[in-house]
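**Q** Put chain B on the given structure of chain A with help from the hints.
Number of protein chains: 2
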Amino acid sequence: MANIEELERIAKLIRYFSLVSTTEAGSGHPTSSLSAADLMTGLLFGGTFRFDADLPEHPNNDRLIFSKGHASPLLYSLWAAAGTVSEQELMSLRKFGSPLEGHPTTAFRYTEASTGSLGQGLPIGLGMALNGRYLDALPYRTYVLLGDSEMSEGSQWEAMELAAYYRLDNLVGIIDVNRLGQRGETMYGHDLAAYERKVSAFGWEALVIDGHAMPEILAAFEKALEVKERPVMVIAKTIKGKGVSFIEDRNGWHGKALKKEELARALEELGPVDTSLRGELRKPEDLKPGKPASGKAEEVSYDAAKPVATRHAYGNALVRIFPHFPDVVVLDAEVSNSTFAEVFKAAHPGRFFEMYIAEQNMAGAALGLSRRGKIPFVSTFAAFLTRAFDQIRMSQYSEADIKFCGSHAGVSIGEDGSSQMGLEDIAMFRTLLDSVVLYPCDAVATEKLVEEAARYKGIVYLRTTRRDTPIIYGNDEEFTIGGSKVVRGGEDDSVTVIGAGITLHEALAAYEELKEEGISIRVIDLYSIKPVDVKTLKKAAHATRAIVTVEDHFAEGGIGEAVRSAMADVDVPIHTLAVRKMPKSGKPDELLEYEEISRKAIVGKVKVILERS
Amino acid sequence: MANIEELERIAKLIRYFSLVSTTEAGSGHPTSSLSAADLMTGLLFGGTFRFDADLPEHPNNDRLIFSKGHASPLLYSLWAAAGTVSEQELMSLRKFGSPLEGHPTTAFRYTEASTGSLGQGLPIGLGMALNGRYLDALPYRTYVLLGDSEMSEGSQWEAMELAAYYRLDNLVGIIDVNRLGQRGETMYGHDLAAYERKVSAFGWEALVIDGHAMPEILAAFEKALEVKERPVMVIAKTIKGKGVSFIEDRNGWHGKALKKEELARALEELGPVDTSLRGELRKPEDLKPGKPASGKAEEVSYDAAKPVATRHAYGNALVRIFPHFPDVVVLDAEVSNSTFAEVFKAAHPGRFFEMYIAEQNMAGAALGLSRRGKIPFVSTFAAFLTRAFDQIRMSQYSEADIKFCGSHAGVSIGEDGSSQMGLEDIAMFRTLLDSVVLYPCDAVATEKLVEEAARYKGIVYLRTTRRDTPIIYGNDEEFTIGGSKVVRGGEDDSVTVIGAGITLHEALAAYEELKEEGISIRVIDLYSIKPVDVKTLKKAAHATRAIVTVEDHFAEGGIGEAVRSAMADVDVPIHTLAVRKMPKSGKPDELLEYEEISRKAIVGKVKVILERS
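Chains as they are written, first to last, in the numbering used here: chain A, 1 to 613; chain B, 1 to 613.
Keep in mind that the hints are not guaranteed to be accurate.
Anything over 10 Å on all C-beta distances counts as not near chain B; from chain A, calculated [to be verified]: (1) R133; (2) E229; (3) G290; (4) S294; (5) K607.
Straight line, CA to CA, 27 Å or less: simulated DSS-like cross-link-like pairs of lysine-lysine [stated by the list, open to error]: (6) K288(A) with K223(A); (7) K587(B) with K539(B); (8) K581(B) with K457(A); (9) K296(B) with K223(B); (10) K538(B) with K607(A); (11) K587(A) with K256(B); (12) K600(A) with K95(B); (13) K95(A) with K587(B); (14) K95(A) with K259(A); (15) K581(B) with K95(A); (16) K259(B) with K587(A).
Read the hints as simulated data drawn from the structure, not as lab findings.
From the three backbone atoms N, C-alpha and C, an ideal C-beta is built for every residue, glycine too.
So here's chain A without its partners, still in its complex pose:
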C-alpha cells in the first residue's frame, strides 16, 4: 500500500485533476472537491477501501457514496487516479453525452447512486449496509462522504437513528467540515464538538480528525474497522479550497470553476504534479452472497364471495410471490398493520425491515438496496409517500428497481380525514421517467399486479384501498402493465366510464342503475394508469359518445389527465370526476358523494351527457 508521502502526492494529483477538469468545463465545484481530497485519497488508496475496479458490481466491493454530490470532480478525479478514468474522459466533465455529469449519475460506472440533491447519501448508504449485514451477509463496508451543510437535512438524521438502531458497524460516514456552505458559513462553522455531540448522541462512534493530516485520516479509517455494533462517523476539519491559497476558506467560491488565469496561478502553487502517478486499490475478498433458490409462486386463490381490501391482498401477494422473487425485501414505515406489509413480515422476518416513521430514509434505503441487487417493496400510506418525493425523484436517475405501495388512497378512507388521504400520489408517481402506476380494484388484480411489478425492471407504484372491496375477477384472470379490462360493455354502449380502485366499484354500481333505465355504459378498469391502454381506450372512444373518468384523487395529474394525454389524437369528449372540494372526515360513502365521485355522480354525469348529445 502507498505510504504517507505517496498518498500526499496522489492527493495533489487529485487536486490537479479537480481544478483542470472544472476549468475546462467552465463550471463545477472545485473548492468543495479540494476540501475532501485528502480524506478520499486516504480512504481509497490508504489500504482500507477494497474495490475491484474491473468488477464494479462485485458483491463484496466496499461502496463509496458521494452524498455531497457536487464534489463530483473529486469523484471522477479519484477514479482517474485509480487508473480507470483517462485524462481525456476527465476533461469531458459536464459535456453533453459525457458520463461525467455535473453531479454523479449512474451513467458513470463508479457512481453507486446518483446524488446532487443533498442529504440523500446516508440513507442510500444505510440501505447498502443493511444489505451487507443482514441480507448478503458479506463484510463489505459502505462509506458516505458528507458535506457539513447538508447535515442540516433531516433525512440524514433519520439515517443516523436507523443506522444506530440496526447496529450497522459496516457503515462509515465522513463529514467534510469545511465550514462554508453555498452562500456563507454553515450553522456550526468549524465547531467540531457540536457535530461530535450530535453524532454521539445518536449512537454513532465519532472520530474527530484534521481532514488534511494524512496520518490522522488513515488512523481514523483503520480505527473504524474495529468499531463494533455501531456505525462510525469521521468528523474531519477541513478547509474549503484547500491547496490553493487564494480560494481557501473564502466565501464566494462555492460552485465556481477557476478561470484560465486563476488556474495557472493555482497550478503554480500546487507545484509539480506527476500526472502519470496512480494509486492502487486493494481488491476485496472474493466472497459472494448465497444464491437463493428460485421457486414457483403459488396460484392466486380468493373466495369470490368474500370481499378483501386490496391493501390486504398486497401483503398476501408479497408472501405468495416471494419464492419466485427471492431478491424481494420489504420496507415499511411503522404502519405495516395498516399497509399489511406485516403479512410478509410474519412469513419472512429476515427479509423485512421496519423503517419507523422516517419515509425519506426508507426511500433512500430502498435505492441502496436496489443498487445492491435487491427488489425493495416499500409501503406506507399513499399520502406519506409525498414525504419522500425528492428521494423518489432522485431514484429515477439511478436506474432504480423499487416498488412503492401507497395504501389508504383517496377520500374513501373516511373518518381519519385529509391528512391521511392520498390524493396526489398518482400525479406524483406519473412524473417519473418510465415509471409504472398501477391501481388494482380487487384482491385478484392486486396479487397479479404485485407479481408484474416484481417482474418489471424499474420504478412501480401500486395504489391500494383501505376498505374491503368485492372480488370481481376470477383467480385465473391475467393483468399486464399497460393493460386494462372492459368489465362491462357491449354493442350499444352510449358512454364509456373509466374507473380504477374504489371508483371501479362505484362504476359497476352505476352500470347496474343505468341498466335498469335502459342505458348501457362501457365500464373500463384502468388498473394500469401508466402506461395507459391506449388501444382499448381508443376503441371505446370510437364506440361511444363520450368518456367519463372517475378517480378518488385530485383532478390534476391523475387518471383524467392520463386519459386525456392518451387520447390526444382522438376526437372524443372527456369528462373528469375527481376530488375537487376540501376533503374532510366522514363516512367513506358520504365522502364519495360529497366529492361527486360516487355511483350517483357517475349516473348523473352519464345522463347529463346523454341529454346533451
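**A** For chain B alone, kept in the frame of chain A given last:
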C-alpha cells in the same frame, strides 16, 4: 389558578371526554390521547399557558400545536374542559360536516395548524416562534405536543437544529414518551436518557419528567419560562392509554376506539367524573405587534435592451413590493445567491430568515408564519421543493397563505444536470386545492406576478429560470392570475403554440423562423398555468388548426395536461412537447434540442401538423 387536585380532576374529565367521543365516533385514537392528558391539562390550566379563548387570533396568545395530530380527541377535550366546546360538539367527532375532524384541521377554531402527517408540528411551531421573537416582538410562547414515534422524522431534527440556532427560547416541545408506536414499540421505548442526549446535543434544554405526576408537569412548564436563549424540550415518560388499566401500555390499542362494553368498564375504572367541571385559561397580556405602515410599491422599470433572469427579477420584486406588503417575510434554503432571495435579504435583513439546507422545516415554518399573519415567500431550486411535498400538501389544509418560488426550472439549467433540474414542480403544485401556478417568461412579468402572488390569498407557486432572458414586455404591461398573453398572432394563424418561461422564448424564435417561410403561428404566453386562461385558449383553438404546448418540464401533470383539461369540451388536436428523455448535463441549448422542446422542435412540429392537416 387550579391546584393540583383540581387539575387532576380536570385531567380525568378530559380522559372521560376522549373516551366517550371516540367510542361515539366508532374510531379515533383514545390511547394516544390518554397518555398526554395530564401533560396538556397541566399546560393549559396550570397557569403558564395564556390564551384568550374568545379571541383565538389574539396576537399575543400562546400557541399549542398538536404535532401528534392523531391525539385530536385530546385537543377537542381540552377545549371542552376550557368551556369553549360543548359536549354535543364533542360527540360530533369525526362526523361529516363537524369541525372536529379525525385529525385537527383549521375548521376547528382552536387548531393552530392542520396536522396528522407526523413530524410536522415542530417546524410549524418554529415558524410561530420566529414570528414571536423576531417579527412581532411579542412574548407569547409556542408549545408543541410531540409523539415519541414521530421523533424519528427528520423534519423534527431540522426544526431542532434551526430552533437552537435562532435561540428560540419561546418554543417549548413536549415529547409524550409513551413507548408504543402504531404497530409496536418505538426504537427507544422508555429510554428517556436517549431522548435527553439527543435533545441536549442539538442545543435544547431538556427537562425529563414523569408525564403523569402533575407537580412535575407544572414545575417543568414553570422552569421552561426561565430558560433563556435556547428552546426547551420537556421529555415526559408516559403510559399509552393511561387511566384505563386494560388498555394501558399494551400493543394493539393504537388507533382503536373502545367498544360500548369496553367503554363502560373504562368509565367504571375512571370513577365519578364531574362533567360540569371546567378549567380556567389565563389570558395573555393585551399586547399587539406594531402595525407597519403600508406604502406604495415603486413602478417596475427594466431596460428592455438588457436581458435579465426571471430568478433575479424575483429578488428585485420582493424588494419592490415590500413597502406595499409589509407582512412579507422571506425564507430561503442556503441558495439565496442562486434564487436571488439575497436581494431582499440585503435590503431587509430583519425580514429574511436563512433556513439552511432543510426544506421540510422551511415549508413548515412558512405555514407557522402564515398562520400568524405573515406572507411568507419561500425559495429554493424548484427540484428541491419536492423535498417538502408532504409539508406543502398539508399546508393546503390550513388555509395557508404561502408563496413558493422554485428556481432553476427545467433542463435548461444546463451542466449541473438532472439532480438540480425542476421537472415535476408544476405537476406537484397543480395538485393543491385552489393553488395558483405562475411561470413568467421575463423580468417584467415576474415583477408583476410576484405582486399578484402577494395579493392573492392562498398558495402560489412561481417558477423561475436560471439564465438571462430578454425583456419582451413593457414596464406597464399588466398580468393577472388566470390570464395569458397572445404575444404573436393575427388573422391567418395556422397553429397555436403555447409556451411559458424559457419555452416562450423558444416559441418566439420559432415564430420568426416560420414567418420566413410564410407560416403564421399564434404564440401564447401561458404565464398562469393554474388557473388557465380558458377563454383565450378556446379562442385560439377555434381560430387555428391545432395547439402545440411546449414546456421545460416532464410531460405528466404540466402545461400540456393543464391545457388538455382546460380544453375538455373543445374539439382541437393538442400536441405536447415536453421532457421525455433522461435529462443530463450539457449546455442549455443542447439540452433543449435533445429534449425536443427547442425552437427547432417547435418549427418541426408545426410543419408536421400542417402537412397532415
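**Q** Run the distance test for K538(B) versus K607(A): straight-line Cα separation, threshold 27 Å.
**A** 26 Å, holds
**Q** Decide, holds or violated, for the assertion that all CB atoms of chain B are farther than 10 Å from the CB of K607(A).
**A** The claim stands: K607(A) keeps its Cβ more than 10 Å from every Cβ of chain B (closest is about 17 Å).
**Q** Within 27 Å, alpha carbon to alpha carbon, are K288(A) and K223(A)?
**A** Holds, at roughly 26 Å.
**Q** Given the hint that K259(B) pairs with K587(A), does the C-alpha gap stay at or below 27 Å?
**A** Status holds; Cα separation ~18 Å.
**Q** Does K95(A) pair with K259(A) here, judged by a C-alpha cut-off of 27 Å?
**A** Given that 27 Å is the threshold and the Cα spacing comes to 17 Å, the pair holds.
**Q** Are the Cα atoms of K600(A) and K95(B) separated by 27 Å or less?
**A** Distance of about 21 Å is within 27 Å: holds.
**Q** Hey, is S294(A) genuinely clear of chain B, shortest beta carbon separation above 10 Å?
**A** Check passes; 30 Å lies beyond 10 Å.
**Q** For a C-alpha distance cap of 27 Å, please report whether K581(B) and K457(A) respect it.
**A** 17 Å, holds
**Q** If we take the beta carbon of G290(A), is the closest beta carbon in chain B still more than 10 Å away?
**A** 29 Å, holds
**Q** Starting from K95(A), check that the Cα of K587(B) is at most 27 Å away, please.
**A** 7 Å, holds
**Q** Keeping to a limit of 27 Å between CA atoms, is the pair of K296(B) and K223(B) held or broken?
**A** 46 Å, violated
**Q** Straight-line Cα separation of K587(A) and K256(B) no greater than 27 Å?
**A** Given that 27 Å is the threshold and the Cα spacing comes to 16 Å, the pair holds.
Consistency with the previously given hints fails for numbers 7, 9, ordered from lowest to highest.
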